[in-house]
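Protein chains: 2
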Amino acid sequence: MHIKGYAVRQAKLSLEKFEYKAEELGAWDVEIAITHCGICHSDIHLIDDDWHISQYPLLPGHEIIGQIVAAGARVNHLHIGQRVGVGWQRSACLKCEQCLAGDDNLCEESHATCVGHYGGFAESIRTDSRFVFAIPDRLSSENAAPLLCAGITVYSPLKHFHVRPSMKAGVIGIGGLGHLALQFTRAFGCEVTAFSTSPDKEAEAKSFGAHHFINSRDPSQMQTAAGKLDFILSTVFADLDWTGYMNLLKPRGNLCFVGAAASPVQIPVFSLITGQKSISGSPIGSRSAMNEMLEFAARHNIKAKTEVLPMTEVNRAIQKVRDNKARYRMVLVN
Amino acid sequence: MHIKGYAVRQAKLSLEKFEYKAEELGAWDVEIAITHCGICHSDIHLIDDDWHISQYPLLPGHEIIGQIVAAGARVNHLHIGQRVGVGWQRSACLKCEQCLAGDDNLCEESHATCVGHYGGFAESIRTDSRFVFAIPDRLSSENAAPLLCAGITVYSPLKHFHVRPSMKAGVIGIGGLGHLALQFTRAFGCEVTAFSTSPDKEAEAKSFGAHHFINSRDPSQMQTAAGKLDFILSTVFADLDWTGYMNLLKPRGNLCFVGAAASPVQIPVFSLITGQKSISGSPIGSRSAMNEMLEFAARHNIKAKTEVLPMTEVNRAIQKVRDNKARYRMVLVN
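If you read the protein sequences in the order shown, they are chains G and H. Using the numbering used here, the first residue of the first sequence is number 1282, and each one after it goes up by one. Using the numbering used here, the first residue of the second sequence is number 1282, and each one after it goes up by one.
Do not take every clue at face value.
As the list makes no split between identical chains, a pair holds if one copy fits it or if it spans any two.
Said to hold, decoys possible - Calculated cross-link-like contacts (lysine to any residue; reagent style SDA-like; alpha-carbon spacing at most 20 Å):
#, residue 1, residue 2
1, Lys1601, Gly1307
2, Lys1606, His1360
3, Lys1509, Asn1496
4, Lys1601, Leu1590
5, Lys1440, Arg1533
6, Lys1440, Asp1499
7, Lys1440, Arg1498
8, Lys1531, Glu1390
9, Lys1531, His1441
10, Lys1606, Ala1314
11, Lys1376, Ser1447
12, Lys1509, Trp1309
13, Lys1606, Ala1507
14, Lys1509, Ser1391
15, Lys1601, Glu1588
16, Lys1293, Asp1330
17, Lys1376, Pro1532
18, Lys1285, Ala1303
19, Lys1293, Ser1421
20, Lys1509, Ala1382
21, Lys1440, Thr1555
22, Lys1509, Glu1389
23, Lys1285, Lys1586
24, Lys1376, Ala1314
25, Lys1302, Asp1409
26, Lys1531, Phe1442
Source of the hints: derived by calculation from the structure; they are not laboratory data.
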């Protein structure tokens, strides 16, 4: 069996039509007829080999939704015809300390959906069903696809770092990740502050759940939040004044990175010690967190705001992401 | 009433005999006849005005043990004749969010025992009994005095950051704080690794409870701990290769600073994200943690290793601390 999709032959080029021979369907595998696939910034980083882990030809896409059309002999938690999703992670060893603890996303032997394997910018995919997730009926495929990477990436730290309804949460950056983080923190019951360098995003940030909007380029606005926040989630790639954000934390507060700032974070040690503060980071989420997040999103009507383009226009869609013009997530549709 | 002690007239000078008129004994206050006072590195920082918070004449000393000889009308949890201790903190507002939550050490209006007040290098002190702690009988005054600052400083993060018996803990620096951190982490049930640049401290580090000793200047020894530690406590003031220590952490591990490294900590964001790791800091401890720590130290026979000098030799004792020759804590005795 051959699968058709769009791949890039070498770093930084445009995607081209591509066809590959699918691996045989293993006992744990399912074959999914892809209906939707979100475009994540990580796809751009992979296309450009920014992280020096890319393998070409590279067929991106790891916010996949589709229907199961075939299943291996040992698959019994999903069934043919079911609507399912696939995210960044395609496998883990399932036997190391992290996997045993349910933290399979932290497994050292985990593999990515589109590194060394072909991803979701395609008509279908064969992949390990143990990293395939049922999509709750109440979520539309278009709005749910981005939950499989952007959504879980912002949800997992809220879970792991014990964000509670009584807390005051901040979200830095109102993009693909940030607009979901605003919705999740609001649904968690938090008082939510959005930080952005784009004042024109205020109304929309509030529509996503922010109680407050701060133009982070305005020191006097920043000062209004000094010492007030329990948890700040940074979703941006830019190098910001992190010590300034530390000053917005309450004692015991936590500044958590899900966006990888380009330069090392520099923090005066006293700004950690004085208020018993933390800085932290978080990558995607475990399978357990993924199921929890999808159910939570369905219950609270959390949806990615998306722009849809046909899969055939993948390069145009990627360009919108590169130009930072996606509001807020591009989703390709077959 | 006048109190005699030893104070410094301006930054970096030697201490001289000093006498001051004690404040009237307030309703919540006790007067303590000081028998022992430990010397903390913070005292040196205060003497030298390193933190630009010193007020002169400055009478240092905040690891105080003595007997209550007078008590104000409202003191009813301590009694005259009782052996008690005083640490870094002399007061808090007792009404802010942090105080209400039991985190009085994080109160913004907290005051220090020897900043704007006269401390423990003296014959006695009058201070708020609500920040005075009963010393369990099983602890000797000489060995317990350093618990009141060094001890609580290393104990509090173990409590707050949820160090558990199953964990593998590292302690950077085998000095006044570090030698107590080794004892506490060992008594917590952890597997304990000591990190030091002084290979001659190996035997003693092990006597304090370390299972393993790593010469941190030896990359091959450092490599043996890669990815193995849940919690690392840094007790040093030096600027070390913090990214190297991050690599010793397991997923979800935490590198916690109780020693204030001189330069800002620099951490690549990916080293936080990949393993969902944290860096953090911690200052002294709450009153609740202080009582818990003292009881725990008594139960587990945790004691500061001390060298005693008479209070009259305060300058000689301070010089030993400056020269990093105290093994491991100098205690002045009246």
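Do the hints match the structure? See the list:
no.: 1; hint: Lys1601 with Gly1307; in the structure: neither (37 Å within a copy, 70 Å between copies)
no.: 2; hint: Lys1606 with His1360; in the structure: neither (38 Å within a copy, 70 Å between copies)
no.: 3; hint: Lys1509 with Asn1496; in the structure: within (16 Å within a copy, 42 Å between copies)
no.: 4; hint: Lys1601 with Leu1590; in the structure: within (11 Å within a copy, 73 Å between copies)
no.: 5; hint: Lys1440 with Arg1533; in the structure: both (17 Å within a copy, 13 Å between copies)
no.: 6; hint: Lys1440 with Asp1499; in the structure: neither (31 Å within a copy, 38 Å between copies)
no.: 7; hint: Lys1440 with Arg1498; in the structure: neither (30 Å within a copy, 38 Å between copies)
no.: 8; hint: Lys1531 with Glu1390; in the structure: between (37 Å within a copy, 14 Å between copies)
no.: 9; hint: Lys1531 with His1441; in the structure: both (19 Å within a copy, 15 Å between copies)
no.: 10; hint: Lys1606 with Ala1314; in the structure: neither (29 Å within a copy, 71 Å between copies)
no.: 11; hint: Lys1376 with Ser1447; in the structure: between (37 Å within a copy, 19 Å between copies)
no.: 12; hint: Lys1509 with Trp1309; in the structure: neither (48 Å within a copy, 32 Å between copies)
no.: 13; hint: Lys1606 with Ala1507; in the structure: neither (31 Å within a copy, 42 Å between copies)
no.: 14; hint: Lys1509 with Ser1391; in the structure: between (38 Å within a copy, 18 Å between copies)
no.: 15; hint: Lys1601 with Glu1588; in the structure: within (10 Å within a copy, 69 Å between copies)
no.: 16; hint: Lys1293 with Asp1330; in the structure: within (8 Å within a copy, 55 Å between copies)
no.: 17; hint: Lys1376 with Pro1532; in the structure: between (38 Å within a copy, 15 Å between copies)
no.: 18; hint: Lys1285 with Ala1303; in the structure: within (10 Å within a copy, 87 Å between copies)
no.: 19; hint: Lys1293 with Ser1421; in the structure: neither (32 Å within a copy, 69 Å between copies)
no.: 20; hint: Lys1509 with Ala1382; in the structure: between (34 Å within a copy, 16 Å between copies)
no.: 21; hint: Lys1440 with Thr1555; in the structure: between (25 Å within a copy, 17 Å between copies)
no.: 22; hint: Lys1509 with Glu1389; in the structure: between (37 Å within a copy, 13 Å between copies)
no.: 23; hint: Lys1285 with Lys1586; in the structure: neither (28 Å within a copy, 71 Å between copies)
no.: 24; hint: Lys1376 with Ala1314; in the structure: neither (30 Å within a copy, 61 Å between copies)
no.: 25; hint: Lys1302 with Asp1409; in the structure: within (17 Å within a copy, 78 Å between copies)
no.: 26; hint: Lys1531 with Phe1442; in the structure: both (15 Å within a copy, 16 Å between copies)
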